[in-house]
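**Student:** Sequence:
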Amino acid sequence: MSEFSYCSLWNANADNPVVHALRDRSTISLRGYFSHMGECKDLALEGTLKSLDGRDGLLAVKQCVSISERTQREQDTECPFSFTMMRKQKDGTKAQFSVSGQALIIQTKNNHEKALESIHIRFPRNCNVRRLRMNPRYEWKPEFVRLLRIMVPTSIPENRDDLAKLLRQYTMAPIEGQEICDISAGGVCAILGTDAGRGTFAADRLYLFFFISSKSKAGENPFVLLAQRLGYGQAKNQGQQPPVRMRFLAEMDWTTQEQKIRWLDVRSEGSHLLREHLKRFKDCTATDGKTAEKA
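Counting in our numbering, the sequence shown runs from 1 upward without gaps.
To be clear, the hints were calculated from the coordinates, so they are not data collected in a lab.
Only a predicted model underlies this, so the values are computations on that prediction, with no experimental measurement involved.
For every residue, glycine included, the Cβ atom is placed at its ideal position computed from N, Cα and C.
Any given hint might turn out to be false.
Below, simulated DSS-like cross-link-like pairs (lysine-lysine); rule was C-alpha separation at most 25 Å, straight line [as the list claims (entries may be wrong)]:
hint, residue 1, residue 2
1, Lys215, Lys279
2, Lys114, Lys50
3, Lys215, Lys260
4, Lys62, Lys141
5, Lys141, Lys279
6, Lys141, Lys236
7, Lys282, Lys217
8, Lys279, Lys94
9, Lys141, Lys217
10, Lys88, Lys50
11, Lys109, Lys50
12, Lys282, Lys141
13, Lys165, Lys260
14, Lys279, Lys217
15, Lys114, Lys62
16, Lys109, Lys62
17, Lys50, Lys62
Pair ranges (Cβ atoms, derived) [claimed, not checked]:
hint, residue 1, residue 2, range
18, Lys215, Glu69, 46 to 52 Å
19, Val152, Ser118, 52 to 58 Å
20, Asn110, Gly54, 21 to 27 Å
21, Arg168, Glu143, 21 to 27 Å
22, Trp254, Gln107, 45 to 51 Å
23, Arg205, Arg280, 27 to 33 Å
24, Asp283, Pro242, 26 to 32 Å
25, Asn221, Ser68, 49 to 55 Å
Can you build the whole structure from these sequences, using the hints too?
**Tutor:** Dropping the structure here:
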């Protein structure tokens, strides 16, 4: 997926982000100079839409914070806006998006105490829509890994014996140069190494990610996840193999003692167990999950 896209707001239909904001009562943020408490101040506002007519909306102000001591004679005629929304994807999962743009200020209303109460705004014909990562991404170091195997199985292991055979195969012939660049509960960016079979790492193939960290405690189960390629990262050095960015699709369920493996769907929110495990690395640099996702 590209870093951002443009979404038309000209037609008010079910896919319109502003219609989503009205329906879900999303918090919309604005920044600009508005008349508040008798002065035209530089304000950061938060509010929700009360109504929407085409591109014209009535925003009820819920919170108002003065950003600086600066004032000006007149209110801004336009200002930036932003909000987030959840949207269902074609595969049935949900993803979070950031919506932003420049809105036209039509009219403002103050209450009897002169506090800003509501704003009549006109949304632009087009706005920026960015998909957000829902999980923090941790910059990784080699010493954080006790055991790592990223494999392309000929078929998804159906039982624990199949998984054990696959792991023995790769343990006897380890993949040289495999390295995690960064990792989150939702996916990983890793160098796949110099294994002769790495050419089979195609977009339509599933990878099996087997991982034990340096902070895994005795008796804890390893992380076993199925992943799919999203794209390539940037190589650290010229001539070096570029890292592959992967999204986790399913995680092995260790709560059942059955021989048959049960795979848990983690496409929407990522692995809860891995999310909690990564919090043990307090000295590791984490990028906030509320940032634009790049493939």
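**Student:** Each of the hints needs a verdict: does it hold here or not?
**Tutor:** Evaluated hints:
no.	hint	in the structure
1	Lys215 <-> Lys279	holds, 10 Å
2	Lys114 <-> Lys50	holds, 20 Å
3	Lys215 <-> Lys260	violated, 28 Å
4	Lys62 <-> Lys141	violated, 44 Å
5	Lys141 <-> Lys279	holds, 15 Å
6	Lys141 <-> Lys236	holds, 14 Å
7	Lys282 <-> Lys217	holds, 16 Å
8	Lys279 <-> Lys94	holds, 24 Å
9	Lys141 <-> Lys217	holds, 19 Å
10	Lys88 <-> Lys50	holds, 24 Å
11	Lys109 <-> Lys50	holds, 14 Å
12	Lys282 <-> Lys141	holds, 13 Å
13	Lys165 <-> Lys260	holds, 14 Å
14	Lys279 <-> Lys217	holds, 14 Å
15	Lys114 <-> Lys62	holds, 15 Å
16	Lys109 <-> Lys62	holds, 13 Å
17	Lys50 <-> Lys62	holds, 12 Å
18	Lys215 <-> Glu69: 46 to 52 Å	holds, 47 Å
19	Val152 <-> Ser118: 52 to 58 Å	holds, 57 Å
20	Asn110 <-> Gly54: 21 to 27 Å	holds, 25 Å
21	Arg168 <-> Glu143: 21 to 27 Å	holds, 26 Å
22	Trp254 <-> Gln107: 45 to 51 Å	violated, 59 Å
23	Arg205 <-> Arg280: 27 to 33 Å	holds, 31 Å
24	Asp283 <-> Pro242: 26 to 32 Å	holds, 27 Å
25	Asn221 <-> Ser68: 49 to 55 Å	holds, 53 Å
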